[in-house]
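Undergrad: Keeping their order, the protein sequence lines are chains V and H.
First residue of the first sequence? That's 1 in the working numbering, and the numbers climb one at a time after it.
First residue of the second sequence? That's 1 in the working numbering, and the numbers climb one at a time after it.
If you're looking for bench data, these hints aren't it; they were derived computationally from the structure.
All C-beta atoms, glycine included, are put in the ideal place defined by N, C-alpha and C.
Just so you know, not all the hints are guaranteed correct.
Stated by the list, open to error - Here are the in silico distance ranges between beta carbons for each label pair: (1) H:Ile13 with V:Tyr441: 34 to 44 Å; (2) H:Asp177 with V:Asn252: 28 to 38 Å; (3) V:Ala433 with H:Phe18: 26 to 36 Å; (4) H:Tyr153 with V:Lys257: 33 to 43 Å; (5) H:Asp177 with V:Ser351: 34 to 44 Å; (6) V:Gly300 with H:His44: 48 to 58 Å; (7) V:Asp537 with H:Tyr153: 32 to 42 Å; (8) V:Asp421 with H:Pro31: 31 to 41 Å; (9) V:Gly110 with H:Phe66: 51 to 61 Å; (10) H:Phe66 with V:Asp183: 25 to 35 Å; (11) V:Ala433 with H:His44: 20 to 30 Å; (12) H:His44 with V:Asp379: 38 to 48 Å; (13) V:Leu428 with H:Leu36: 20 to 30 Å.
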Amino acid sequence: MIRKRRRSFSVVIVLAVLTLVISACGGNSANNNSTENSNKGSNVTNTGTANSGDAATDTSTDASQPKDGGNLIVAVGADPDVLNPIYAGDRVSLTIDQALYAPLFQINNGKKTYYLADSLTPSADNLTYTLKLKSGLTWHDGQPLTADDVVFTFDKILDKNQNSFFRDYLVFGDKQVQVTKVDDLTVEFKLPQVNPAFEATLVQLTPIPKHIFEKEADIQKSTKNAAPVGSGPFKFKEYKTGEYVTLERFDNYFEGKPHLDSITYRVAKDTNAANLALQNGEINVKYLDPQDVSTIEGTGKFDILPYAEGRLSYLAFNENSDIGVLKKKEVRQAISYALNREEVIQAAYASPDYADQAHSVLTPDTLYHTNDVTSFDNDVAKAKELLQQAGVSNLKLRFIVTSGNKVQEAVSLYVQQKLKDVGIDVQLQSLDASAFGAKAYDPKATDFDLFVGGYIMGSDPDAYSVLFTSNGAYNSFHYGNTEADGLWKQGSTEADTTKRGEVYKKIQEIIAGDAPIYPIGYTKTIVAFDKQFGGVDEAVLKPVVIFEDPAKLYLK
Amino acid sequence: MRQLIARRLLQTIPMLFFVSIVCFGMIKLAPGDPVLNFVTPNMHPDDIERVRHNLGLDQPAYIQYFHWLKECLTGNLGYSLINHKPVLGQILERLPATAGLVGISIALAVVLAIPFGLLAGAYRNRWVDKLVNLLAYIGISIPLFWLGILFMYFFALKVHWLPSMGMRTIGKESVLDVIKHGILPCSVLTISFLSSYVRYIRSSTIGQLKEDYVQIQYAFGSNQTAILFRHVTKHVLLPVITLLGLSMAELVAGAIITETVFTWPGIGSLTVTAAKGMDYPIIMGVTLFSALMLMLGNLAADLLYSVADPRIKQTR
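Given these sequences and hints, build the entire structure.
TA: Here is the structure:
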């Protein structure tokens with residue numbers, strides 16, 4: 001009996017060890033797609049605490065000079081959806097694609113930097129844009145990158161069967177942009193109508209290799225996306241689903257060999273756990289919540305880098321709500337007067353360092369932005385007066401909040417408390433993220449009044465029209481002003497920059513005065529950056545993707 | 001025996017069908033829209049509709065279900081709405097990680113739960129029993145994510161014995177490295193399984209000690225340790241088989257929190273991502289897989305039962 005029992009325990013233990021061994025050997029091997037490794041200097045095992053030790057020694061010898069080598073580990077919140085820039089819309093895919101695929105050019109804080117492109121020249125009538133590529137460009141597999149690739153990419157984006165979410169960027173009314181090859185290094189874009197925002201559109205569209213995808217019927221589902229061939233400073237090395245994506249240095253990068261051997265994007269879903277991994281040296285770069293800054297700063301191992309993301313955080317009024325009163329401008333203005341922007345920012349972002357006070361609906365990185373508009377600074381007496389004028393008393397408002405969202409919860413509690421002072425009762429309704437999204441952005445939803453939202457719309461003001469025109473596809477506030485509608489239309493086709501600037505300044509003032517939203521702050525993203533590494537200034541911190549040019553990062 | 005297996009396997013078909021209908025219905029009733037994952041503010045409503053149409057999400061729910069079922073019957077569980085990879089491939093890709101983690105945790109929990117449960121049952125209301133009970137209650141009531149963070153904080157950050165997250169050191173392929181990464185998540189899961197197993201075995205032991213065969217052994221002068229480990233264990237192991245059968249469902253669902261906290265790349269973390277993105281083909285796939293595992297686990301438990309105790313076989 002005893003022998004039998006021992007045998008059964010042994011079987012259990014052997015099975016347990018076997019399952020672990022199977023999991024170790026079999027785990028995600030399907031996605032372990034390595035491209036040809038020609039990088040002799042690559043050292044992706046030089047990570048974590050070991051890396052910390054090595055680097056610390058290096059730093060003591062010479063901290064000022066960039067060194068070649070090292071692996072930078074960047075924490076990402078999820079797996080990338082798809083490593084193909086014509087489909088990438090999520091933050092993780094966009095971040096990885098930034099290192100994997102070189103863009104044509106970039107615009108960051110109003111500064112244009114050319115990458116694959118050598119120049120972009122609009123015609124005198126602003127209807128044709130001529131793009132010149134740099135010569136000698138290559139894809140990671142050594143094939144030349146030419147105008148054919150650019151034309152192919154745009155054709156595929158425009159092809160309805162390919163399901164690219166960027167198609168609409170290239171369609172005006174019902175007419176498409178015509179993209180034609182002039183010679184191997186020149187592409188011409190013919191626009192059906194003048195569109196001053198076209199440059200901002202091109203910034204977001206990155207070429208994919210024709211020779212890889214031309215025979216693929218459905219690029220979105222193509223297995224080729226699992227081993228992407230790009231043109232950026234780092235090439236694909238391996239992807240372990242649920243764990244990490246590693247890119248290694250591309251020696252033939254047209255801007256010169258990057259310093260780092262590799263960059264790894266490590267999936268870290270739980271924020272608290274990821275913060276511990278950061279402190280433990282298992283991660284070198286990570287987004288931080290304002291509440292976590294002091295803990296990470298306290299380790300002395302990280303530079304804390306707050307930078308503007310071109311994002312506006314706002315309190316929205318649902319003018320479509322069934323209580324009706326939010327249609328009245330005076331009520332929205334009264335609520336705005338009841339709040340103190342400085343206090344809202346303190347409550348939501350812990351410090352004014354992490355959000356600049358916002359008055360305009362356009363963010364500071366957007367062309368023609370001005371914060372010099374009506375701002376409804378805190379004035380309780382004025383708020384009460386406006387409510388009285390509007391004939392509103394005993395008002396009850398429903399504030400929907402995403403449960404677990406620290407910012408939304410903090411703002412809602414603050415608003416609830418402040419509106420009590422002007423006689424408005426705010427009821428908080430906590431919803432999970434899906435339910436919140438479905439309700440807040442449902443054009444027909446009438447059963448709530450307030451919510452906190454945010455947007456990043458890019459550098460051209462025309463992009464904002466979808467939010468604030470009467471028929472705007474994303475006008476969740478149900479705001480409408482015929483004068484502003486006309487100006488939005490005018491601004492989208494006005495080629496004269498002075499006139500265009502005046503149009504958008506007028507729009508900002510009209511919207512600020514109508515108060516369809518209460519702009520809270522132009523929020524900043526906070527990144528913790530391991531002090532063992534340098535080159536952040538040259539790499540340029542960029543909204544959504546962290547670094548504009550990761551090739552410039554180096555081990556100190 | 002063969003008839004039993006065949007009958008039970010046949011029974012799984014309507015059960016899975018029922019599970020699929022309930023799961024699909026619940027997904028459709030839940031608020032949210034998977035298309036919202038792809039929407040950027042620059043997208044024209046026509047383009048959003050085109051995406052919705054291409055994904056078949058503009059069809060009535062019952063048509064979507066029948067379409068899914070039709071594909072499912074041909075062995076195709078569909079494609080993820082988020083990353084467009086085949087669902088079955090993603091489940092199979094993640095399965096080894098979860099199977100390893102949960103398998104070893106269950107095995108450890110059983111190995112530890114038997115002596116603790118037996119001792120607690122045998123020394124009922126004595127200090128051993130009270131201590132085991134207290135620890136089991138703590139184990140059951142402690143939130144797993146908190147325990148995970150606590151372990152990470154101590155073992156990874158404070159004493160630097162173990163890595164805090166992931167399944168391997170980046171770029172390193174070694175079983176030892178995986179084992180090292182697995183220790184913390186495995187410990188957390190083991191504690192969670194162990195706590196409930198101990199309570200179960202304790203109750204079972206108390207019941208067995210009242211049985212005639214135990215009294216006869218006492219009358220023959222056998223000592224308590226011998227009675228416990230030679231005779232009672234055999235009877236206590238029978239309900240453990242049931243527990244193991246039920247634990248098969250944990251292969252899919254049980255490790256959700258642990259996998260998320262420790263970034264363990266298994267089915268649990270896949271499920272969390274799918275649920276957040278309303279990725280219903282993945283949710284359906286994982287649910288069906290989980291249900292199938294539970295049914296097969298129960299069948300295996302029943303078969304083991306009849307092998308372990310022939311009386312059960314005869315009553316069938």
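Undergrad: With reference to the structure, classify each hint as holding or not holding.
TA: How the hints compare with the structure:
1. Against the hinted window of 34 to 44 Å, the Cβ-Cβ separation of H:Ile13 and V:Tyr441 comes to about 41 Å, which satisfies the hint.
2. At roughly 33 Å, the beta carbons of H:Asp177 and V:Asn252 sit within the given window of 28 to 38 Å.
3. Checked against the given bound of 26 to 36 Å, the beta carbons of V:Ala433 and H:Phe18, roughly 29 Å apart, stay inside it.
4. As the Cβ distance of H:Tyr153 to V:Lys257 is approximately 40 Å, the hint placing it in 33 to 43 Å holds.
5. A hinted range of 34 to 44 Å holds for the C-beta pair H:Asp177 and V:Ser351, which are about 40 Å apart.
6. Our hint of 48 to 58 Å for V:Gly300 and H:His44 holds, since their Cβ atoms are close to 50 Å apart.
7. Range check, V:Asp537 to H:Tyr153: Cβ separation about 34 Å, and the 32 to 42 Å hint holds.
8. Checked against the given bound of 31 to 41 Å, the beta carbons of V:Asp421 and H:Pro31, roughly 33 Å apart, stay inside it.
9. With their beta carbons about 54 Å apart, V:Gly110 and H:Phe66 fall inside the hinted range of 51 to 61 Å.
10. For the hinted restraint 25 to 35 Å between H:Phe66 and V:Asp183, the CB-CB distance of approximately 53 Å leaves it violated.
11. Roughly 25 Å separates the CB atoms of V:Ala433 and H:His44, a value that falls within the hinted 20 to 30 Å.
12. Restraint check, H:His44 to V:Asp379: a C-beta distance of roughly 41 Å satisfies the suggested window 38 to 48 Å.
13. The supplied range of 20 to 30 Å is met by V:Leu428 and H:Leu36, whose beta-carbon atoms lie about 23 Å from each other.
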